[in-house]
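Based on the sequences and whatever the hints tell you, model everything.
Protein chains: 2
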Amino acid sequence: MTTTELRPETPLDEPVEVPPPLDTEVLRRVLDGRFADLREQFRREAPADLFTPTDDLSTRDHRDLTRQRLRQLAELGGHELGYARPWGGDSPGGQVAQFEMLGFGDASLMIKSGVQWGLFGGAVQALGTERHHSTLLEPLLRLELVGCFGMTETGHGSDVSSIGTTATYDPATQEFVVHTPDVSCRKDYIGGAAEDADVAVVFAQLVTGGTSQGVHAFVVPLREDGVDLPGIWRGDDGRKMGLNGLDNGRLGFDRVRIPRTALLNRYADVAEDGSYSSPIASANSRFFTMLGALVKGRVSVSGGALSQTKVGLEIALRYALQRTQFKRPGGDGEVVLLDYLAHQRRLLIPLATTYALSFAQDDLLSEMDELLRVQLAGNEPDATRQRAFESHAAGLKVASTWHATRTLQTCREACGGNGFLADSRLPQLKADTDVFTTFEGDNTVLLQLVAKGQLTAYAQQFSDLDTLGMARFATRDFVSTYAGRSPARSLVADVVEAGRIPEELHDRAWQLRMLADRERHVVESLAKRMRKARSRPEAERFEAVDELQDHLLLAGRAHVERVVAEAFAAAIARCDDPAVVELLSDVFDLHALSVLEAEKGWYLQHRRMTTLRAKAVTTAVNAVCRKLRPRTGELLDGFGTPRAWLASSLVP
Amino acid sequence: MTTTELRPETPLDEPVEVPPPLDTEVLRRVLDGRFADLREQFRREAPADLFTPTDDLSTRDHRDLTRQRLRQLAELGGHELGYARPWGGDSPGGQVAQFEMLGFGDASLMIKSGVQWGLFGGAVQALGTERHHSTLLEPLLRLELVGCFGMTETGHGSDVSSIGTTATYDPATQEFVVHTPDVSCRKDYIGGAAEDADVAVVFAQLVTGGTSQGVHAFVVPLREDGVDLPGIWRGDDGRKMGLNGLDNGRLGFDRVRIPRTALLNRYADVAEDGSYSSPIASANSRFFTMLGALVKGRVSVSGGALSQTKVGLEIALRYALQRTQFKRPGGDGEVVLLDYLAHQRRLLIPLATTYALSFAQDDLLSEMDELLRVQLAGNEPDATRQRAFESHAAGLKVASTWHATRTLQTCREACGGNGFLADSRLPQLKADTDVFTTFEGDNTVLLQLVAKGQLTAYAQQFSDLDTLGMARFATRDFVSTYAGRSPARSLVADVVEAGRIPEELHDRAWQLRMLADRERHVVESLAKRMRKARSRPEAERFEAVDELQDHLLLAGRAHVERVVAEAFAAAIARCDDPAVVELLSDVFDLHALSVLEAEKGWYLQHRRMTTLRAKAVTTAVNAVCRKLRPRTGELLDGFGTPRAWLASSLVP
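The listed protein sequences derive, respectively, from chains X and V. When the letters of the first sequence are read in order and numbered with the working numbering, they come out as residues 1307 to 1958. When the letters of the second sequence are read in order and numbered with the working numbering, they come out as residues 1307 to 1958.
It should be emphasised that the hints constitute simulated quantities derived from the structure, not laboratory data. There could be a bad hint or two in this list.
Intra- or inter-copy, both count: the list cannot distinguish identical chains.
Claimed, not checked - Here are the computed lysine to any residue pairs in the SDA-like style, where the Cα-Cα straight-line distance is at most 25 Å: (1) K1834 with L1918; (2) K1834 with R1913; (3) K1933 with E1872; (4) K1933 with T1716; (5) K1834 with I1586; (6) K1834 with E1844; (7) K1838 with R1391; (8) K1834 with T1690; (9) K1834 with N1928; (10) K1838 with V1641; (11) K1758 with R1629; (12) K1933 with E1844; (13) K1933 with V1751; (14) K1758 with G1515; (15) K1758 with T1630; (16) K1834 with V1466; (17) K1758 with S1591.
This is the structure in structure tokens:
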């Protein structure tokens, strides 16, 4: 049995049958998901001039334009949705959906609005109490008060709990003294800090009575009547790769005094006499509760990355649908770029994955909406559910942003020299989104957090199991071990499979099982290795655990891939339009098979796939590409992006 | 046997032994290769202000600065090396080596100089004859005549033979009439066309006596006394992702008349009466001979990409050597980024591959130098050798430029938010080099050309074989088939191997065999499939051959990977400093093992690797990363880049 004998289901010499066109409006609504109405409204009502190109602007002009556009947005509304009912909200998912819609335009504006109404306003809402809400929320929603979010420091990026800025309580004056001890503790890369922010939410080590209580957030005024207050130092991060409409900068504090009440005190407070109190006993869980309350940022970045990816893909694919490259051998008819299999693989696979990620994002939005509404009502969401959600949010942020970086790179290359010209818009899409893999948590660090969450869940599973469960688990574990280690077994399967490869490969249940099985195996083996590493003497532990970093990253990735595929499958199951279901099923097929193909090394190595099957997967990916090629236009229509928003010379 | 039992050679609990420091000057000379003296001279003599940053400049200012710097270069000299002896040259390799040195600075200047003295001047030298040389070379070398290279058209990127510009001979006036029939035939993305070029080498379909003779090159004046000549139309490509110091533009010709002698007539001529003559009978081989004479451009882009990659890697690695992220668990001592295995894998593997590609590039430069010196002397190089060289040049251009894009992306991410700031220099490195995968031939198209060359060579091998050879070949083929198809056999090997995995994995001969074997297998199976596809009826042939595009790309990749590794191994074999040999051997190990790891899916699928061995490869990669971690500074010193040239805020 050789590769050539594995023919795609549609033989080459039979023309591909083109199914009747489907109602792309239905497809669009399915993809728009839970907040479809809001998205449709935005498409109708958003001012057209929000979407004109900005690539030729100087830093100064781009910042000015972005400021001006932010005022337009303040009038348009939508951002208030993320706030509590009295401020017109109670739909945090709706707020993020609107943020995602901004992602079809200039990313500088999207991020600028995210800094003001997501990060800054969000921190006031989530970490503050009535005294902050009543004084700050209305002005900040109306843009009468512009703020920034001062968490990251020059020397402390990923390890936020180690930031060096201090806020020391002085009972004599009932004030906190905010201070930057050295240059590595400057706040850095802070959107709005260079120019626009009047006020900052500053994260600092709270010290009272000589004791540090860990990181807390404070509202620190930066200027009054347009003049910076004493002790405030600002720096400008200057020109960046992208997002130059946003004024990123640095902040330093030289013993700046703020009132005791400037502490955002939902989760902890300091009394007039300096005594510290918190409903959460452990400093560690207090810190993670605060960070958890801010998780909307990650969900937003994930969604924004997908919107920008959709724009890039639509530009590259519509270009590929009309651009000719070589003449058709034999001379009859023209061949456009997308007629080439290699080009289909380059662009249709990311298109399918964009669909998959969009459905996962919609699930995340729904879950976030429910959890944050509990929080907005002043209660705490269920801890287990919140933890699971945070892990999903981190994982999807990683998947979406790396997908954006990779896909937009591919789009640029797929458009050749045209993709290098600014007026194609691809350069700006690439440049703006590039930092998404870093902000709201570096992807490599986040993915390890996801994996550590899996390990915890895995350990939990053990401790929760009753006797029966334990037995079931043991059997499953045994099966997994057996399937993983017995070469003879899989070789027998190889022979048995030969006749029925194509059908099972396209079976969604089988595809999902393959992904779930991989995740389980990777986590189980990681847990074993981790237990061993952690049992080593403390001096050797760092190296021993570090040795597992790759395994951790793999576990995180396997988890996210399974979750994304399941979300996609669930979305298809919910859909009741047969034509849409049929099309989405092929899109699912392409996505799932392409993951299996990309990971075939793992599957072969762990004897989850025979060599025959690995070859068949590639054949199947190629066949689905050909099948979807005539549906490309419909799939792009499903994104629902008004043509003017594409703003690319490549799509007139 | 599980993964955990496969320990790296240096157990975790024994400290890695740091060998005595080696003489990095020797290492640098080894890496500098055949043109080491020239590179050293450039490091000493290049004006420091060529290397100041340009990221904050407007398009206008950047173009002005680049023009001014080009004049500095004209005075510095070095570019004349690529020309025939009367013009001070006879060292085309030296010219490219100097171009590569410019790659440590602003890529706009590098490419600008490449347009003038590589593409434009190079075409005059290679395709012209005495009448062009005597009038044009001296002024263009002195920059008294600025030219551009008009090949690509808006609608014809990769398929140069189909360009639409015509040059029709008019015997009445003994002139060619150069004409752009429609907008798709405008020359586009032409460096220098927007503003600076006084003259263009224009590629056009030569028509005489009503017959088209295919693509030829003509010298077409664009302006006189600063004013564009009648019939010349110029457009500006405007802002681009990068390389904004270079004025890319468009050219159109409205029946522009040029003298008969403007035809660059080394390979074909038109007599006064309009009769056409050429020493090369076939239009096709004439066209490819002309393109072959211009292959220096590909070699240059490959080298320039590597230089820019070296700058980016040095910035990211020196940053990783001092940047702390998390505290060391247990608290004793700081952990810098490069102490993490994941970070080592991200950056040390590309560092090793950069070494590998540099040695392959040096081989290419030597070969090019010899072949082009034959050409400069007015002779034609050996056709077989020239063809092999062209294939290597195309393959290495693909490998180096994709390596640059991937590596600089990784460098940006590895520097987090700092890597997004312009003053880190990473944004500009990324933006400038991004188009290298497109120009001088789109990588995807080039890689297919490489593979087609392999197929030709493979067919040639058959036809050259005598009876004995045929028998030998058949045996080899059988062995390959057997090894590829018999699962039982490889499973037996699995058991046998268990005891001696680590040693063989680090055996260079084994590593090279693995790469060569893969290439052979891929090409053999491709040849079989291709023969089948080509035998189909003409109407189906396009789809049948297109189905093999992925296989073609794989064949190209496997070929280049083998060639690069062999070049690296040969360089080590030539080196006589034991300390350098020892270090480079580890670098080779990391490079080769990382290729095997990345391709383990293929090796497993084709039963060239057991699952046990595949796991061991990953363990070995990790072990070599740890071993090279303390040698990082020395390896960067080997690049020999003066610190001031890095011009990055991340490396003070």
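Structure-based check of all given hints:
1. Taking identical chains as interchangeable, the C-alpha atoms of K1834 and L1918 lie at most 25 Å apart only when they sit on different chains, with a minimum of 19 Å there against 31 Å within one chain.
2. Within a single copy, K1834 and R1913 get their C-alpha atoms as close as 20 Å, which meets the 25 Å cut-off; across copies the closest is 29 Å, which misses it.
3. Taking the shortest alpha-carbon separations for K1933 and E1872, only the intra-copy value of 23 Å comes in at or below 25 Å, while the best inter-copy value is 41 Å.
4. In this assembly of identical chains, the alpha carbons of K1933 and T1716 lie at most 25 Å apart only when taken from the same copy (21 Å versus 34 Å across copies).
5. In this assembly of identical chains, the alpha carbons of K1834 and I1586 never lie at most 25 Å apart, being 32 Å within a copy and 70 Å across copies at closest.
6. In this assembly of identical chains, the alpha carbons of K1834 and E1844 lie at most 25 Å apart only when taken from the same copy (18 Å versus 58 Å across copies).
7. For the homomeric pair K1838 and R1391, neither the shortest alpha-carbon distance inside one copy (50 Å) nor that between copies (69 Å) is at most 25 Å.
8. Within a single copy, K1834 and T1690 get their C-alpha atoms as close as 24 Å, which meets the 25 Å cut-off; across copies the closest is 57 Å, which misses it.
9. Taking identical chains as interchangeable, the C-alpha atoms of K1834 and N1928 lie at most 25 Å apart only when they sit on different chains, with a minimum of 19 Å there against 38 Å within one chain.
10. Proximity of K1838 and V1641 under a CA criterion of 25 Å is satisfied inter-copy only: 22 Å between copies versus 58 Å inside one chain copy.
11. With identical chains, the CA atoms of K1758 and R1629 are at most 25 Å apart between copies only, with a shortest distance of 24 Å across copies and 47 Å within one.
12. For a Cα distance limit of 25 Å, the shortest separation of K1933 from E1844 across copies, 22 Å, qualifies, whereas the shortest one inside one copy, 56 Å, does not.
13. Taking the closest pair of Cα atoms, K1933 and V1751 come within 25 Å of each other only across two copies (24 Å); inside a single copy the shortest separation is 38 Å, beyond that limit.
14. When the C-alpha separation of K1758 and G1515 is checked against a cutoff of 25 Å, the pair qualifies neither within a copy, at 35 Å, nor between copies, at 77 Å.
15. For a Cα distance limit of 25 Å, the shortest separation of K1758 from T1630 across copies, 22 Å, qualifies, whereas the shortest one inside one copy, 49 Å, does not.
16. Taking the shortest alpha-carbon separations for K1834 and V1466, neither the intra-copy value of 29 Å nor the inter-copy value of 58 Å comes in at or below 25 Å.
17. Taking CA atoms no more than 25 Å apart as the test, K1758 paired with S1591 passes inside one copy only; the shortest distance there is 16 Å, against 61 Å between copies.
Consistency note: the structure conflicts with the earlier hints numbered 5, 7, 14 and 16.
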